[in-house]
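Participant: The primary structure of each chain is shown beneath.
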Amino acid sequence: MNSEDPKHFTPAESAQIRAALAPCRPDPEAFEAAVRAKLDAAMPGAGSDGSAESADRFDEVDDAPPTDSRLLRAASFVPFLSADAPSQAAGAGTVFSKWSWMSVLAILALPVVTVAMLFITFFVSFWSVHATHTDNAGKLRRPAALEARMRVKAWWAQHFKAALVVAALLLVSLTTRDVTIFLYLMTAAMLAFAWLIALMARWGLATQTRVAATAFWGLFFGVQAMQTLRLWVPGTQSSAFPVEALPLSLGIGAAVCALAPRNRAVPSFVLAAFALLMAALTGGGALRSARPSTEELTARCEQFGRDIFTQTMWREWTLCADWLREEGHTFDTTRAEHLIAAALAGDRDERGDPNTSVIADWLRSGDPAGLEIIRNGERLPAYELSYASRAGLIPDARLVELLDPESYAATSLLDPRSRSHEISSLGQSEWRIRALLATGELGVEEVDHLEHRLHASWPALDGFSNIQSIRLIVMLCDAIGRPLDPETWRASVHDVLRRCWQDHSGFRPGGFSSNIEKLKSSDLHVTHDAVVLMERFGAPPEIDLYRLGAYLDSQARVLFIAPRRHWMQEAAGVALLRLEDRIGYPSRGVFEFILAERMLLGGLLVVVLAVFAIRRAPVEPRSPRTRPTP
Amino acid sequence: MDFDALIHRFRAPLTGLLAGLGLGWGDAQDVAQDVFVAAYLGQEAYRGPADDPVRVGRWLRGIARNKVREFRRAQGRSRASEDLAPEQLAAPQAPGGADPAHAALRRAIDALPEKLRTVVYMHHLEETGVGEVAGLLGISARAVEGRLYRARAQLRDHLQPAPTVEGRAS
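Protein chains in written order, with our numbering: chain A, 1 to 630; chain B, 1 to 170.
One or more hints might be untrue.
To be verified - Far from chain A, by Cβ distances over 12 Å, these chain B residues were calculated:
(1) Leu-21
(2) Ala-28
(3) Asp-34
(4) Arg-55
(5) Arg-58
(6) Asn-66
(7) Arg-72
(8) Gln-75
(9) Glu-114
(10) Lys-115
(11) Leu-125
(12) Arg-152
Unchecked claim - Computed footprint of chain A on chain B; a stretch qualifies when at least three of its residues, placed anywhere within it, have a C-beta under 8 Å from a C-beta of chain A:
(13) 36 to 42
(14) 101 to 112
(15) 136 to 142
Note that these hints are calculated values from the structure, not bench results. Bear in mind that the values here come from a model prediction, so they are computed numbers and not experimental data. Where is the CB? At the ideal position from N, CA and C, for every residue including glycine.
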């Protein structure tokens, strides 16, 4: 707008209106995070996590080769594979966007598959016992066969109602949010089953092969049921073990059951291999550490690439880079410097804008041509500049040159009348504050003024950047040389952490939400910043660190055959490193351990009971030895 | 098309447009996010150039219209809206309180006729260009400027002279 034209708002008038509308202004980072969360919810695992693949897919959607339709259909029918593996699920994401009926089918498939598996397990068990009964009856002496039939009938008459109740409760448990109930019932059912097997062995009715087949299919479908349930309630446990450990254990248990009978045949080996394959696909993530290695993080930071969410990409790069620097590791920042030059040139697609190299020269040597290009550009990429200045990618002298000392944005930061006013959009203002500091001309009063304004920017919890704002305030207070005293500020920080803790309810519990009232879902970046705050201010006692660790573990873990983590997974991994190495988990008593690990222990108990039942059963049918005691 | 750039460019004017249509600011942000999600998922439907604010704006406006309709239908089903009232949003967010002059100006903007209020929201929420505002509203850039001129005339009494800057280290 032309400030001389009285028809238009002058810059000062525009600034007043912007200030008046400031409370209504969407916070860019929170806004983007919310879009991202909704996108993740709309197309789970389809690459909105910032993968390079998804960026390419977005940019080159018109040129993308048609995906094999059979693969697309398969991806829709196998939701358990697509949910946690973004790269593998690219096909599923395309299915969802192309054919909505496919996505409906895929969503419906989850409960239908689970219920079907339970019914199949139930009927296979029933059929197995019935077939054993029929087979063995012919081989036994007539009076013994009649006696055995009577015994089984008597047993069923006694326990049929209980079996029906357990089956019904199993189905009902699927509608609850707690997998534990399901496991308790499974364990109870397995105990009853083992008891029945023991009785049948005494009566001469069961054979190892038949029992093994029943146990195998029960555990095999149990793997699928666990996987399906895990998708519904991820990160709800306070376990120290990865959530994939349970389906992996059940799968291995199924393979053991297939091989347990003494007179095993060739199909047993095939079934065992099949179970191991399924265990690897569903629980293979447990075989790979969720903690990223230094080499992995270094390679990530050095191969920094663009993404559809450039701000998010910078945020994730910065938090990985921060961790490496704090740990005393160095890495090559050439790519990052190139990307900040590209951002300053407005070359978001990195399509070889010649201005990028000119600006890169300016960053390196101060060639004024680059600065001229930036000043003639539309607007400065404030977020990218903030991240780059925090990471030290822009020399102080260049940062000072970028800051127009007469601009409203620069002068308003130090305007005496704004002493008690918050700094709007700290994320965008960060680089300006660092640039002001880089001038080396700030006096004590001006630093006091900045300190007051940073304190005044403490979030009122009605926005979407509460924890992130506090982390920025802490960092900037450090930068101006007025660090927040942990003793004084601990209560305030803990209050915000408690309010944003996503404990039980909502989507993805176990982390921190950007606004617990409006967004009942853990946000990875918010959770990372919360962990950083807990490093300095300590963890509030109400926060279950094991649950937090389980959430971060589930976000950082990748399938063992996946070539590498995506950016989001690296970010989760860094938060996990901070939690485990710098905060640590509280010690647990035996009872607390059993309670926390009940899912895995329950699963292992089911496997042990299944193997016990197989081993108790006779290899061949035999005559009953004792009187029935139904 | 760069999705991040799309959000960056249209986040504020779209939120302003939705707020101008009568949605609370929290709801406006929520619906604007839904619009971007729908735009991402339905990107194949857009065949125009990515850098044309008029074409992109028209496309987003179509999505936004549908989303507002869906939102109002949902709101009709459940009246329990959790949106913050404008007074709450305008309330001071930090120790020290909000500037009374800003609060008065905000009330004056809210009291403008819908068309004028909408362009002020869209243009001034984040210094959005007239082109993007025009594209989203489906009117010409000159018409947007005309509305801004009329809005300025009505807000003149509430606008203060430019502040003198002090305290900057020379």
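Participant: Hints first: check each against the structure and report whether it holds.
Facilitator: Going through the hints against the structure:
no., hint, in the structure
1, Leu-21, "holds, 14 Å"
2, Ala-28, "violated, 8 Å"
3, Asp-34, "violated, 7 Å"
4, Arg-55, "holds, 16 Å"
5, Arg-58, "holds, 20 Å"
6, Asn-66, "holds, 15 Å"
7, Arg-72, "holds, 19 Å"
8, Gln-75, "holds, 15 Å"
9, Glu-114, "holds, 16 Å"
10, Lys-115, "holds, 17 Å"
11, Leu-125, "violated, 5 Å"
12, Arg-152, "violated, 5 Å"
13, 36 to 42, "holds (count 5)"
14, 101 to 112, "holds (count 6)"
15, 136 to 142, "violated (count 0)"
Violation of the numbered hints given earlier is confined to hints 2, 3, 11, 12 and 15; the remaining hints are satisfied by the structure.
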